Amino acid sequence: MRLLLPIALALVLLKPVAGVAAEVPDNGLPQQVDKLIEAAVPDFAEHASPLCSDAEFLRRVTLDLTATIPSASATRRFLADTTPTATKRARLIDRLLISPAYARRMQYLLDWILMERRSSENIPSVAWQSYLRQAATENRPWDQLAHEILVEGGGDSKTRPRARFYLDREFDLTVVTRDVGRIFMGKDLECAQCHNHPVVDAYLQRHYYGLKAFLDRSYLFTDPKSKQKSLGEKAEGDVTFTSAFDDTKGKTSPRILDLAEIIDPDGSNKQYLTKPGKSARGVPRYSRRKQLGIAVTAEQNRAFRLNIANRLWAAMMGRGLVEPLDLAHVGNPPSHPELLDLLGDQLHDHGYDMKWFLGQLARTRTYQRSSLTRDASAKIALKQFAVGLLKPLSPEQYAWATMEATGMLASTRSSARKKLESEAAKAQAKQAKMPKKTPQAGSDKKPKADPKPDKTDTPSAVSITISTAALESAVDKAVAGHIKTFVTQFASDGGQKTSFSATAPQALFLVNGALVREWLKPTTTNLTGRLSKLNDPTAVAEELYIGILNRPPTASERNEVIDYLAAASDRSEAIIELTWVLLLSAEFRFNH
Amino acid sequence: MQRDHGCHRIDHEFSRRGFLASGALAGVASLSSPTVAHELQKKQKRVLQVYLQGGVSQLESWDPKPGTRYGGPFRAIPTSVPGMHISELLPHSAQRMHLMSIVRGINLKTNSHHDGRLFMEMGRRAGKFPYIGSVAAKYLMPENAPLPGYLHVTTRGLTDFTNAFLDARYGQLKLAGPQVPANLIRPKAVTADAARRSRTLLKRLNTRFSGRGGQKSFTDSYNASFEMAEKLMARRDLFEGEPDGKDLDRYGRHPFGRNCLLARTLLENGGTVVKVTHHGYDTHAENFNFHLEQLGEFDKTFCMLLDDLNDSGMLDSTLVMIYSEFGRTPKINVRYGRDHWGTAWSIALGGQGITPGAIVGATNKDGTEVSEREVDGGHLFHTYLQALGIDSTAYHTLDGRSVPIGDPTRQPIQELLA
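Just so you know, the sequences run in chain order X and G. Reading the first sequence from the start, the letters are residues 271 to 862 in this note's numbering. Reading the second sequence from the start, the letters are residues -12 to 405 in this note's numbering.
Next comes chain X alone, as it looks inside the complex (with noise of 0.2 Å):
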């Protein structure tokens, strides 16, 4: 599914869709998640937060599905739209969920799942990211996704990216068993490969060496021409494990915890499609690695449809309902077991559908709580997501909310948006010159993914309309220096999870990095430079505050704003001071 609207990226946050946001039923999935939240404890409605203002929500909601925060202008006209609040906030989510930034989140949050911030050793890290991007873009369902990753061997330059979970962990054969089960299936199962876990009661041994049993006869190869890695697979071999307590032996094919044993069919013993030599990749007639593929999305594994749901449930919740998110067994169960069966029978259901489903998380109540508390006193269990939960931004979150922020996206937008018109253009009137020709004839490059805008189907059209995919691809060249400048200031160690801590080298470069000092610097475009054309104190308390913490300011915060210009002696000084403060808040630090 393929849903990309030829319009400029604001008009596609702030025009309603029409018959997109209809009205939903009573007894939809976010009703039911509600309901099961609020039935969890008895003194639920005493401890609940209220739903969060508009404001709340808008930032909220954008960060999470476009990884980034909502313009000026787009938070104006949300908190001026009078459509109410339950069909305004649905219009929102769809907007969202059709803009081309919805796939940027989606690479990014993909990226931190299954890479866990691991560095790029054999595959670019560029040609991953756009394999997730594609993917995203296209919605791709979890399971064919989680699938491709896992039958890939690198061999086919094609599909090469797909191989960057396997390669980029050097296909180590105890990280990669490992990572199948804590990231496609939220089982951690290290410990059980020396011994049946002494803790975790639920995870066996034989769970873990059955997992290694798809993945034992596949070995790195390394091409002796190119020295490029791929993935080579055997025929034959078998995977037996003896107990570190107590010397019990066991053997084992290739099964997914208790599930059936996948047996290799008679006959497939040594049988190659390519045999196994110095300069030969191995490829078996039957290769276990694709029943990996297989089983690990099969029907019948329901962990691999509770992890996803608990994962897409900690992205938008700020805490899973499994925690830590790989560690789900009877001894850890979930804070709401019947919740999480829901979610992944519904995900399930929907065929994997991540936006779908993201779209229904959005829309419900315990989406929407305001992250003030009630009491501040109150001891709240943080599980029983009565209040709206911080999420520290990601790094990626981070740099696009500042970019957004301080107005450099914009300028950086504009320009790319002149650079490509003047592309267009020249190529247009290149085109006009030369003697006409079919569409089709003789090219067998076909457009790119992003569909032409409707205008440019008349070739004689002077002006020049340039998608929105494209520019944002454009944009994203851009500012990928900015992105990585981030990333390695503030990712944290390993893969998802929903806690936080920031240090000093973090602090150090949010005071006195240059970066961002050089976009608060005023020019034409930015905020700095349009506050500093405002006159009126209140009106630069209006805009910082609606320009970086998306709302407005309130009467307190009006008047110390005032309060810091009328006592400033340089004004635009004062007005870059102001805006360094705003961005430094814990407010914007986090998703609230």
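For the record, the hints were derived by calculation from the structure and aren't laboratory data. Please note: incorrect hints may appear among the correct ones.
No more than 16 Å apart at the CA atoms, straight line, and that leaves these computed lysine to aspartate or glutamate pairs for EDC-like [stated by the list, open to error]:
(1) K803/X / E843/X
(2) K190/G / D763/X
(3) K203/G / D645/X
(4) K497/X / D438/X
(5) K767/X / D154/G
(6) K175/G / D438/X
(7) K175/G / E843/X
(8) K115/G / D438/X
(9) K115/G / D154/G
(10) K115/G / E827/X
(11) K190/G / E788/X
(12) K30/G / D154/G
(13) K791/X / E827/X
(14) K233/G / D294/G
A few chain X residues that don't get close to chain G, going by computed Cβ distances all over 12 Å [stated by the list, open to error]:
(15) H317
(16) N392
(17) L852
Rough simulated footprint, nothing fancy, chain G against chain X, three-plus residues with beta-carbon under 8 Å [stated by the list, open to error]:
(18) 307 to 315
(19) 659 to 670
(20) 775 to 783
No experiment lies behind these values; they were computed from the predicted model shown. Yeah, the Cβ is synthetic: ideal placement off N, Cα and C, and Gly gets one too.
Let chain X serve as the given structure and place chain G on it in line with the hints.
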């Protein structure tokens, strides 16, 4: 079967009950926490870590075997402790061994740089646990410490997430030698007044936001990062200016000399844990020439630092650790190198809480295995903490879970504890 990745994972340490009823174990832990808190009030204790990166040869340092099959060309020399001999490559250290002790029976059962380093730092064979430096910082750092708790002076460096599940304020802060750290200096365009004004306003905003979402630990951590940054900024003088010429003559004008001088400065100015890394001990070829050169640099410089700490009276309250990720093979390879060897090697330590002049453990005649008092990274971890007066058998508490500070299957080396 493969058993190369051990399994002292954090999950092992979590009681199942801890998961089910988050309060249950917190009770146990809260009994121990006040003791720890009380301990640290008593007296500011410090840690100096000198990390010999790549794996120093025990045979060319703390456990020489001259005249044996794998002994190599260097002699052993007597030290200031009667009966204790160390390699002739450490003549300055030899005169100061009455301040230090040696552990000679370390067996890590790994020859991997990565695994050996983590075992020595975390006291666990695997899993994600805080480094000894982060743990020490957490329990030793005074509330109003003038510097971040765990500072690492190194010319190269991996990205370590040393605090694991502890708060980021206990994470290691890397300093790339005695130059001013990245982003430490206020941009020229920002006046001191402007910085003060805007910082005051920022604090006010952040106080209002504090505790949002019921997650005060998030906002606290964010606010603490600025406080640490400010501490560093306030002491930029520590990184500026040429050190005293006499000091440079004593410590040496090479990077390690300058890094050790910075370490002294940091310790003198309220650093809690200061680590200095001396790179280049991974001598797969030309082991003897390299050790002659490397240890020559280490020996003199380290001893000047030790003298200074001793003269100023700080040594009594500073735990000194000289360690590596492993030692080097007794067997000498065809390139006159020694390879990775976690099986039977040594470290040296001294200062706060350590009985000086001791030798604990021994290796056999050829140094091919531990023959007496075998210990590993887990035992050492407990020993360091106990020497600092931290109860390593107590628990870290985290959001209702509690994690033993040291590996419960290991114990401190009692005979080393003063």
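To see whether the hints hold, each was checked on the structure:
Under the criterion of a C-alpha separation no larger than 16 Å, the hint pairing K803/X with E843/X is consistent with the structure, at around 13 Å. Proposed proximity of K190/G and D763/X is contradicted: the alpha carbons are some 28 Å apart, above 16 Å. Taken as a hint, the K203/G and D645/X pair is honoured in the structure, with Cα atoms around 14 Å apart against an allowance of 16 Å. As the CA atoms of K497/X and D438/X are separated by approximately 15 Å, the hinted pair is consistent with the 16 Å bound.
For the suggested pair K767/X and D154/G, the alpha carbons sit about 15 Å apart, so the restraint of at most 16 Å is met. In summary, the hint linking K175/G to D438/X is not supported, as the alpha carbons are separated by about 42 Å, beyond the 16 Å threshold. Restraint check for K175/G and E843/X: the C-alpha separation of about 13 Å stays at or below 16 Å, so the hint holds. For a cut-off of 16 Å, the pair hint linking K115/G to D438/X is broken: about 20 Å separates their Cα positions.
Pair hint K115/G plus D154/G holds up; C-alpha atoms about 14 Å apart against a cutoff of 16 Å. Of the supplied pair hints, the one linking K115/G and E827/X is violated, its CA atoms being roughly 43 Å apart against a limit of 16 Å. For the given pair, K190/G sits about 23 Å from E788/X by alpha-carbon distance, which is inconsistent with the 16 Å threshold. The suggested pairing of K30/G with D154/G is violated, with an alpha-carbon distance near 23 Å, which exceeds 16 Å.
For the suggested pair K791/X and E827/X, the alpha carbons sit about 23 Å apart, so the restraint of at most 16 Å is broken. Among the hinted pairs, K233/G with D294/G is consistent with the structure: their alpha-carbon atoms are about 14 Å apart, no more than 16 Å. With a closest Cβ-Cβ approach of about 9 Å to chain G, H317/X is found to fall inside the 12 Å limit, against its non-interface label. Interface exclusion of N392/X from chain G stands, the closest Cβ pair being 18 Å apart, more than 12 Å.
Listed as outside the interface, L852/X is inconsistent with that label: its C-beta sits roughly 8 Å from the nearest C-beta of chain G, within the 12 Å cut-off. Counting residues of the region 307 to 315 of chain X whose beta-carbon sits less than 8 Å from any beta-carbon of chain G gives 0, not enough to reach three: the coverage restraint is violated. Counting residues of the region 659 to 670 of chain X whose CB falls under 8 Å from any CB of chain G gives 3; the rule of at least 3 is met. With a cut-off of 8 Å between beta carbons, the region 775 to 783 of chain X has 8 residues touching chain G; three or more are needed, and the interface restraint holds.
In the structure shown, a violation is registered for the earlier hints numbered 2, 6, 8, 10, 11, 12, 13, 15, 17 and 18, in ascending order.
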